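Participant: If you want the building blocks of each chain, they are given just below.
Number of protein chains: 2
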Amino acid sequence: MMKYYNINTPRPIIPRKRMILVKLGGSVITDKGRYRTFDREVTARLAEEIAMARRDVVLVHGAGSFGHMLAKEHRLHLGVTDGSQLLGASRVMNDVRELDLEVCRCLSDNGLAVVPIPPASCATMRDGQLEHVDLSIFHRYMDRGMVPVTYGDVAWDGVKGLSICSGDQMMMALAREFRPEKVIFVTDVDGVFTADPTQDPLAKLIPQVDAATLDALPRTERNVDVTGSIFAKIRYMIDIAGTAGECLVLNGREPGRLLSALRGEEVVASRVVG
Amino acid sequence: MMKYYNINTPRPIIPRKRMILVKLGGSVITDKGRYRTFDREVTARLAEEIAMARRDVVLVHGAGSFGHMLAKEHRLHLGVTDGSQLLGASRVMNDVRELDLEVCRCLSDNGLAVVPIPPASCATMRDGQLEHVDLSIFHRYMDRGMVPVTYGDVAWDGVKGLSICSGDQMMMALAREFRPEKVIFVTDVDGVFTADPTQDPLAKLIPQVDAATLDALPRTERNVDVTGSIFAKIRYMIDIAGTAGECLVLNGREPGRLLSALRGEEVVASRVVG
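Taken in order, these protein sequences are the chains called A and L. Basically this note's numbering = 1-based index in the first sequence + 22. Basically this note's numbering = 1-based index in the second sequence + 22.
No copy is singled out in the list; a pair is fine if it fits within one copy or between any two copies.
No farther apart than 20 Å at their CA atoms in a straight line, the calculated lysine to any residue pairs in the SDA-like style are these:
{"no.": "1", "residue 1": "K182", "residue 2": "D165"}
{"no.": "2", "residue 1": "K182", "residue 2": "R166"}
{"no.": "3", "residue 1": "K182", "residue 2": "M164"}
{"no.": "4", "residue 1": "K204", "residue 2": "E287"}
{"no.": "5", "residue 1": "K226", "residue 2": "L236"}
{"no.": "6", "residue 1": "K182", "residue 2": "L100"}
{"no.": "7", "residue 1": "K182", "residue 2": "S158"}
{"no.": "8", "residue 1": "K182", "residue 2": "G167"}
{"no.": "9", "residue 1": "K94", "residue 2": "D149"}
{"no.": "10", "residue 1": "K204", "residue 2": "G286"}
{"no.": "11", "residue 1": "K182", "residue 2": "H154"}
Treat the hints as calculated values from the structure; they're not laboratory data. Just so you know, these numbers come straight off a predicted model, no measurement behind them.
This is chain A alone, in the form it adopts within the complex:
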């Protein structure tokens, strides 16, 4: 039975209780340190795990090295005021679409009927904040049995000209609309740690993350990222966790963890509490 939504009338929040919202982090599908380097092996395996789980999913992916490096070079996080920045923004749009195409091909190769929905054509920003997302687009294709895929992008901004719409901002908008059963952040480490685990051998996985945990974390940085620090990301996760039945951060480089989490099995991860 299909439902129809008129995109011109306001709609109430529509929970999709059996739906799982998955973010494939830029650090797991790309090499964040090398410009435009897609990790096909890891992404193809993650796509296979998503397909094997046979769950209704909506997917968001980061831009990784297809977005952040060039966006930083053109200072797009500060807004767009001159012509060279416009061309830079256009190039970043091309690059993130190249990455999205790679991700979508991995997904459809595993039998998932994906439909790419770019923020540039469904969202508007205001001074760097997500102002509006046309979520009816997502509903429409989900009602057809398709898997919406969106991502970090450059989008129109009413104040800054253009600005960066991060995958995490899209996660928040989607989580608020869909009230998913579960939200999974797939990263390149086992979860949220007491310190940067790639730098500090004494870093410990935090099994349960909440606002108090966040305040206690030390402040370090890793790689270029124009959408904010790991702290901003955790802050987003905590807010998003409040909309969902469960919110996990796990390691997508370890085979089987995403599949286990999608199936509701116990898995090495940090549980985020809103």
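We have chain A; now place chain L onto it with these hints.
Facilitator: Chain L in isolation, oriented as in the chain A frame:
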């Protein structure tokens, strides 16, 4: 001076008198007879001609062999009723995005700040007809000095499940909204002929095409195309011509013709009259 549009309120038709609407036909940017074969050489040159003209343009391109062959194989023009068709639709979406990325890279390599706007995320269909296009998206990026690029795609259909949204249907919607100074259809032949010029050496270029010309044309077909025959295309062109100051069909494989037309110079072409 930038203008802002609220996408939630109805707007009057906004003519863009100095704007030129250009359709790059699938037959000129791809080899329509060979699956997923992009003609980079011709497309790069056309991109250069568009950049050299220094005019405000909105671009639409066909899907060519990135869309029609697989769409026909999956019978997408008849609508979508089963799961294998859904996956087929998803694959066609991926393929046309691959083509669009190639086209956009050619354009941004020539200094044009393009923004891709896929019909799947800005348009809805009803029984194969274009029902609604969120044209505010086009306005917003044009107000920023960017060049919107859209294309033939698969899109949500309220009756058929999904259906094909052709580049010509998008041309019509854009022409009605923008009332462009000029509309240019770039094809692989010199214009509209009395017969198929690739088959019939006696075929003659028709300098001025109107409804009466169309009725007099013989009925022949060439290559696979799920969006209708050449007659349907000419019918669209005649309707579109009624919205614009001038409407030309010209040969994009001949260097300089698109540039001349963009500059308002005399050029070998058919002039379509609405």
